[in-house]
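Generate coordinates for the entire structure from the input sequences, incorporating the hints supplied.
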Amino acid sequence: MTRIKSMIGTAAGLTVLLAGTLAQPVAAADGVSAVTEGKVLSEDRKKGNCLACHMMGDGAYPGNIAPPLVAMQSRYPNKEKLRAQIWDATANNPDSPMPPFGKHRIVSDEELDKIVEYVWTL
Amino acid sequence: MKKILLTCAALILTAGFGTATASTPEEDKAAWDRFYQQRFPNVPEEDYNNGVYTIDKVGRENWEAIEEFPPYEPFIDAGREMWETPFANGKGYRDCFPNGPAIAGNYPHWDKETGMVMTLPLAVNNCLEANGEKPLKYKKGPINNILSYIAFESRGQVVNVEIPGDDPRALEAYEEGKKFYFTRRGQLNFSCAHCHLQTVGMVLRTETLGPAKGHPTHFPVYRSKWGTVGTLHRRFTGCNKQVRAKPFKAQGKEYRNLEYFLTHKSNGLELNGPGARK
Chain A
0 MTRIKSMIGT
10 AAGLTVLLAG
20 TLAQPVAAAD
30 GVSAVTEGKV
40 LSEDRKKGNC
50 LACHMMGDGA
60 YPGNIAPPLV
70 AMQSRYPNKE
80 KLRAQIWDAT
90 ANNPDSPMPP
100 FGKHRIVSDE
110 ELDKIVEYVW
120 TL
Chain B
0 MKKILLTCAA
10 LILTAGFGTA
20 TASTPEEDKA
30 AWDRFYQQRF
40 PNVPEEDYNN
50 GVYTIDKVGR
60 ENWEAIEEFP
70 PYEPFIDAGR
80 EMWETPFANG
90 KGYRDCFPNG
100 PAIAGNYPHW
110 DKETGMVMTL
120 PLAVNNCLEA
130 NGEKPLKYKK
140 GPINNILSYI
150 AFESRGQVVN
160 VEIPGDDPRA
170 LEAYEEGKKF
180 YFTRRGQLNF
190 SCAHCHLQTV
200 GMVLRTETLG
210 PAKGHPTHFP
220 VYRSKWGTVG
230 TLHRRFTGCN
240 KQVRAKPFKA
250 QGKEYRNLEY
260 FLTHKSNGLE
270 LNGPGARK
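Going down the list, the protein sequences come from chains A and B. In case it helps, numbering that gives the first Met the number 0 puts the first sequence at residues 0 to 121. In case it helps, numbering that gives the first Met the number 0 puts the second sequence at residues 0 to 277.
Just to be clear, a hint being listed does not mean it is correct.
[Said to hold, decoys possible] Capping the alpha-carbon separation at 30 Å, the derived lysine-lysine pairs in DSBU-like fashion look like this:
(1) B:K277 <-> B:K28
(2) A:K45 <-> B:K248
(3) A:K102 <-> B:K28
(4) A:K45 <-> B:K240
(5) A:K45 <-> B:K56
[As the list claims (entries may be wrong)] A few chain B residues that don't get close to chain A, going by computed Cβ distances all over 12 Å:
(6) K56
(7) A64
(8) I65
(9) E132
(10) K136
(11) R183
(12) G185
(13) A192
(14) G200
These are calculated hints, taken from the structure and not from any lab test. We put the CB at the ideal spot given by N, CA and C, even for glycine.
So, in structure tokens, the structure goes:
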């Protein structure tokens, strides 16, 4: 599983995986597939690994360091605000242990957008 | 949850062990003791030397089962043999450490002559080199045998790291270690304190984050993940790597000063090495 996960690092690999095993629509522009890809990225230990700290969706074995990611749309006025939190949590809270995913290039811009798409649905 | 975290962070700062405030080693120690006591009011002081198992009940049960047949035992035996086998020149460890083998309680300490923090692994290698023997590697391999033996023989000694007032360089080394502990590192941007103070006791995916107080009392440690015994500096390396930071050299100045600072926070606890961890 870990091997598979590290193989799906690239968007292309991911698309192949999704097409091959989940038979999901593959066009990146497709909203549904961006959400699905965002979910995979957020759970991938080498990418978002958000589950290390947050309970989110049906993700298995979440940590409890951070608030559960629920009802996002009622707490964030828009996706830009949400994106800013994930881009660099220390801008809002200098003591935050949350890694600055965008600022430190832990994920690419494109990947970050997909994660935002997914988190927005929670 | 957010509130708890912020209170935690505020406590770290007001308690005086943030990097922002100047505080003496004694004040730092008192602040850590107070912090962990408030965080884990039911943990008896003397139990901290059990590391993460002080606070992780399920982990503790597994660990106690493992301790029935300690995986580090063969390493102690191999270490005893090293201790008793003479070097090529006929001398042995005993000649370097006349009070040995129960000497772990004397380390780390400030060495005024060399102006540096002296750790046990470094002293072991100094002994080997002084006798024309090849020094041992600092993270893996036979150094863990001799360290396991010494740790085992030193069980029950009490940690008592001193920062001598008559040499300002000792306090400097301590301060450097402290700064290291609170500095964010790596792509993931964590300091040691983020995991072992600020979010201590919480669960990172499936790992419970253990208190730093008591971390160094039981090294070297047999880790199931390693499948062998490893040194404290090997563990530092791992904790640096997991946040994608470049690790420092084992027994280099950075890690020795870090060990000096960290072990001081375990003053008063009994040594109980070697340990077993998952």
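Cross-check of the supplied hints:
1. The suggested pairing of K277 of chain B with K28 of chain B holds, with an alpha-carbon distance near 28 Å, which does not exceed 30 Å.
2. Taking the CA atoms of K45 of chain A and K248 of chain B, the gap is about 25 Å. The hint holds against a cut of 30 Å.
3. For the hint pairing K102 of chain A with K28 of chain B, the CA-to-CA distance comes to about 35 Å; that exceeds 30 Å, so the pair is violated.
4. For the given pair, K45 of chain A sits about 13 Å from K240 of chain B by alpha-carbon distance, which is consistent with the 30 Å threshold.
5. A threshold of 30 Å between alpha carbons decides the hint, and for K45 of chain A with K56 of chain B the separation of about 29 Å falls inside it, so the pair holds.
6. Non-interface call for K56 of chain B relative to chain A: holds, since the shortest CB-CB distance, roughly 15 Å, exceeds 12 Å.
7. Residue placement check: A64 of chain B keeps its beta carbon more than 12 Å from all beta carbons of chain A (closest about 22 Å).
8. Consistency note on I65 of chain B: stated as away from chain A, and its beta-carbon is indeed over 12 Å from all of that chain's, at 22 Å minimum.
9. Its beta-carbon lying about 41 Å from the closest one in chain A, E132 of chain B satisfies the requirement of being farther than 12 Å from that chain.
10. Here K136 of chain B stays apart from chain A, with its beta-carbon at least about 28 Å from theirs, past the 12 Å limit.
11. Non-interface call for R183 of chain B relative to chain A: violated, since the shortest CB-CB distance, roughly 9 Å, does not exceed 12 Å.
12. Here G185 of chain B does not stay apart from chain A, with its beta-carbon only about 9 Å from theirs, under the 12 Å limit.
13. At roughly 10 Å, the least C-beta separation between A192 of chain B and chain A is not larger than 12 Å, which violates its mark as non-interface.
14. Remark: the non-interface label on G200 of chain B conflicts with the geometry, its nearest Cβ contact in chain A lying 10 Å away (cut-off 12 Å).
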